[in-house]
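S.K.: Just so you know, the sequences run in chain order A and B. Taken in order, the first sequence gives residues 1 to 253; the numbers are from our numbering. Taken in order, the second sequence gives residues 1001 to 1213; the numbers are from our numbering.
Hints were generated in silico from the structure; no laboratory data involved. All of these numbers come straight from a predicted model, not from anything done at the bench. Possibly wrong hints are sitting among the right ones.
Stated by the list, open to error - Calculated cross-link-like contacts (lysine to aspartate or glutamate; reagent style DMTMM-like; alpha-carbon spacing at most 25 angstroms): (1) A:Lys148 <-> B:Glu1187; (2) A:Lys239 <-> B:Asp1038; (3) A:Lys63 <-> B:Glu1106; (4) A:Lys241 <-> B:Glu1106; (5) A:Lys99 <-> B:Asp1166; (6) A:Lys148 <-> B:Glu1069; (7) A:Lys63 <-> B:Asp1166; (8) B:Lys1190 <-> A:Glu122; (9) A:Lys63 <-> B:Asp1038; (10) A:Lys63 <-> B:Glu1069; (11) B:Lys1148 <-> B:Glu1184; (12) A:Lys245 <-> B:Asp1038; (13) A:Lys148 <-> B:Glu1106; (14) A:Lys241 <-> B:Glu1102; (15) B:Lys1108 <-> B:Asp1038; (16) A:Lys210 <-> A:Asp138; (17) A:Lys119 <-> B:Asp1038; (18) A:Lys119 <-> A:Glu229; (19) A:Lys74 <-> B:Asp1038; (20) B:Lys1190 <-> A:Asp138; (21) A:Lys148 <-> B:Asp1038; (22) A:Lys239 <-> B:Glu1187; (23) A:Lys148 <-> B:Glu1105; (24) A:Lys63 <-> A:Glu122.
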Amino acid sequence: MAGLEDGREWAYRVDPYGFERPDDFDYASYEAFFSRYLVVLTRRAIKWSKLLKGKNSIQKSLKDMNRTFPDNVKFRRTADPCLQQTLYNVLVAYGHHNKAVGYCQGMNFIAGYLILITKNEEESFWLLDALIGRILPDYYSPAMVGLKTDQEVLGELVKMKVPAVAELMERHGVMWTLVVSRWFICLFIDILPVETVLRIWDCLFYEGSKIIFRVALTLIKQHQAFILEATNFPDICDKFKQITKGVMGGQLD
Amino acid sequence: MEAIWLYQFRLIVIGDSTVGKSCLIRRFTEGRFAQISDPTVGVDFFSRLVEIEPGKRIKLQIWDTAGQERFRSITRAYYRNSVGGLLLFDITNRRSFQNVHEWLEETKVHVQPYQIVFVLVGHKCDLDTQRQVTRHEAEKLAAAYGMKYIETSARDAINVEKAFTDLTRDIYELVKRGEISIQEGWEGVKSGFVPNVVHSSEEVVKSDRRCLC
Chain A
1 MAGLEDGREW
11 AYRVDPYGFE
21 RPDDFDYASY
31 EAFFSRYLVV
41 LTRRAIKWSK
51 LLKGKNSIQK
61 SLKDMNRTFP
71 DNVKFRRTAD
81 PCLQQTLYNV
91 LVAYGHHNKA
101 VGYCQGMNFI
111 AGYLILITKN
121 EEESFWLLDA
131 LIGRILPDYY
141 SPAMVGLKTD
151 QEVLGELVKM
161 KVPAVAELME
171 RHGVMWTLVV
181 SRWFICLFID
191 ILPVETVLRI
201 WDCLFYEGSK
211 IIFRVALTLI
221 KQHQAFILEA
231 TNFPDICDKF
241 KQITKGVMGG
251 QLD
Chain B
1001 MEAIWLYQFR
1011 LIVIGDSTVG
1021 KSCLIRRFTE
1031 GRFAQISDPT
1041 VGVDFFSRLV
1051 EIEPGKRIKL
1061 QIWDTAGQER
1071 FRSITRAYYR
1081 NSVGGLLLFD
1091 ITNRRSFQNV
1101 HEWLEETKVH
1111 VQPYQIVFVL
1121 VGHKCDLDTQ
1131 RQVTRHEAEK
1141 LAAAYGMKYI
1151 ETSARDAINV
1161 EKAFTDLTRD
1171 IYELVKRGEI
1181 SIQEGWEGVK
1191 SGFVPNVVHS
1201 SEEVVKSDRR
1211 CLC
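In isolation and in its complexed conformation, chain B is listed as follows (with noise of 0.2 angstroms):
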């Protein structure tokens, strides 16, 4: 089977532990929540096709990294070949929503001369009783930094769709305008006219041969 896909675009999902990356991408891909999830160690990789508009499809490739300090120095190497990252803090933990700074720090130094496209996520809206961030300061910081914020819970399903679906249509429309482009040696954005053979876990699949150029 072939699945027919515009683009495919590599993204990095980032922030400190137990903010919930692994949930967030789970219930992306997988359309499920699990109460309690393992620490990641090190990378773990998830795909799933989104439709931006009728039509036209964008293969994800979507790395899940560990959140303590110390994988750093395996995840770093990823960040170079993304083209777009979901920043995650804990609404209801203050110090993850203080590291988003580093965070940005951090990848800034690894991905040059490439740059990603961060959008900044305060995840657990569910918790709102716990909440220790306010969604304007957040705001205030994502504009600070020129990302978007979003709020979202894997648990009750809340903007998880569109928080990935937002990122994907961004970069795509700098990829139409020509800022972002694919080049040689980086796989942050892949163009689909090479037909592929789907990955198994993905939902939309299309049988027919259709020529996208």
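Bound-form chain A, shown alone (with noise of 0.2 angstroms):
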């Protein structure tokens, strides 16, 4: 490690986000974790590469593209750069890598959120493949056996934290699937604002999909005396609308 001895220059001392570097900076433990962390990013940026090239049915079911946030300027056809390119490669690729997931719809609007945020095609495509692989699994597979149970789930511990909420939908025949599928799917996406939803997600990369349905029980406890004002069918579909339309942003915390 001689380098790291006269390596105190100002260049070693700024670390790649501008922020200055404290005087007991442990560079051998940094240079350690980074040669191996290397070795990572090269083998994902070269597993990218090839996942850009290959091409298979996946292309077909793609028909989302410009059905992904059209309000957004920058998914805009006539946008420049046009992220909807960037989601379509982000997308093609995944199914190439998880050809037993492939395309869920609902993916779509995942993806998008990622590329809003990194900026970064592969980059995008790395926390895609954290979520759908690791921490939702089955959720987006051709039989949503995760998305089911964990809906079911997600009825249990409403039986269990909010009782009276369990026994209006049953009385009525609600099935949760109905009102909850696109909290689940879509990861509160267009459910809730996105400053909310970015937070939401820290939370559920960091601890896991438990965060799901802290959120559901939270938004469904919030608004049980709105919901409980329902005495039919269609008037519950339309309060479980109400509740996420926006009006609670900042809430969550």
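Take the two lone chains, each set in its own frame, and fit them into one complex as the hints suggest.
M.R.: Now the structure itself:
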């Protein structure tokens, strides 16, 4: 590590984000970490470039490019650069990478958000892989077993935590899939304001899928009185649509 | 406020992804058309009252479903309690027409012992220059399955009202003749004798209480 000894010049003292490193910065551990991490990054970069080259049936099912965030200026066909192409690349690559899942509607919204935040195709891809491959197993696979299971679990949790709402749903025969599918599949995109969604995603990446239950239970609990005003099936559906129309921003700390 | 309605019918709208299911329903229930519509994930719900004869109102509960195949594991739970259905294909997309048969098979399996009265809908008829399915062959297919055929456009509001009201009327006739009956534990048809509070989005609302017995 001789280079580090005289490497205390300016370039070393400032990290890639522009922050100055403290005097006691552990360069040895940092180098050790980075030499291992570089291997991972290189492997990913190689994988990514391979994925972009392949072509298969995934492309045929990708009809949702111009149906993803049509209100967002960066996703308009006339935008420069147009994120529709980036989105397309990420989803096609994911389809190659995870053939068991391929493409599932809903993934377009999640990948779209990741692209808006990271502004980077490859990073979006790996974050999407973390969500779909690891954090939310079987949510988007053809049988959607994970998704269906978790919706049932939410039903059970509501029975315990907000019994009056559970009783209302049961009395009118409202299935949970009807009112919460979008919450689970789109991870609260278009359900809650974007800042709130990103805060939830931070927790989701860090703590796992239990965060979805916490958010869902919070939404239901906070609006319990409002939901309980419903006296029939359509009313219940309507209430659930209303509680998530952006009025919730900032209340989920 | 109380709405007076004779019956409540549950209808389901199915068909391939991007044929225009959500747009058709929104045109019918909200009178609006969006050039671009989000893909539906899972199932969505809408409702509206229709008047099939002067003074005779039917309350429609309409189920919008995701078109992508894998969502069928969720949407098929909704077939059983539907009395009627609109099976959509896009007249500019031959594939969506070829899949009509598969959709019918799929519902048949999951609706037993009940039956769904279907109408075949050739959607996006405003795009006639890009047509890939002729009216004649669609009519032939519909007839083979004992369905009616209608062509609609949500964008130009062509036949949207008619598609829903004709189907409602046909179901009403079947109910009147006793070929479809109200059954305990089945939500397809419900009688409106019990006063029900109206859904806020419904347009025809009567404030005076009236017994329909």
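S.K.: With reference to the structure, classify each hint as holding or not holding.
M.R.: Cross-check of the supplied hints:
no.	hint	result
1	A:Lys148 <-> B:Glu1187	holds, 22 angstroms
2	A:Lys239 <-> B:Asp1038	holds, 21 angstroms
3	A:Lys63 <-> B:Glu1106	holds, 23 angstroms
4	A:Lys241 <-> B:Glu1106	violated, 29 angstroms
5	A:Lys99 <-> B:Asp1166	violated, 44 angstroms
6	A:Lys148 <-> B:Glu1069	holds, 15 angstroms
7	A:Lys63 <-> B:Asp1166	violated, 32 angstroms
8	B:Lys1190 <-> A:Glu122	violated, 53 angstroms
9	A:Lys63 <-> B:Asp1038	holds, 11 angstroms
10	A:Lys63 <-> B:Glu1069	holds, 14 angstroms
11	B:Lys1148 <-> B:Glu1184	violated, 29 angstroms
12	A:Lys245 <-> B:Asp1038	holds, 16 angstroms
13	A:Lys148 <-> B:Glu1106	holds, 20 angstroms
14	A:Lys241 <-> B:Glu1102	violated, 32 angstroms
15	B:Lys1108 <-> B:Asp1038	violated, 28 angstroms
16	A:Lys210 <-> A:Asp138	holds, 15 angstroms
17	A:Lys119 <-> B:Asp1038	holds, 22 angstroms
18	A:Lys119 <-> A:Glu229	violated, 43 angstroms
19	A:Lys74 <-> B:Asp1038	holds, 16 angstroms
20	B:Lys1190 <-> A:Asp138	violated, 37 angstroms
21	A:Lys148 <-> B:Asp1038	holds, 22 angstroms
22	A:Lys239 <-> B:Glu1187	holds, 21 angstroms
23	A:Lys148 <-> B:Glu1105	holds, 23 angstroms
24	A:Lys63 <-> A:Glu122	holds, 21 angstroms
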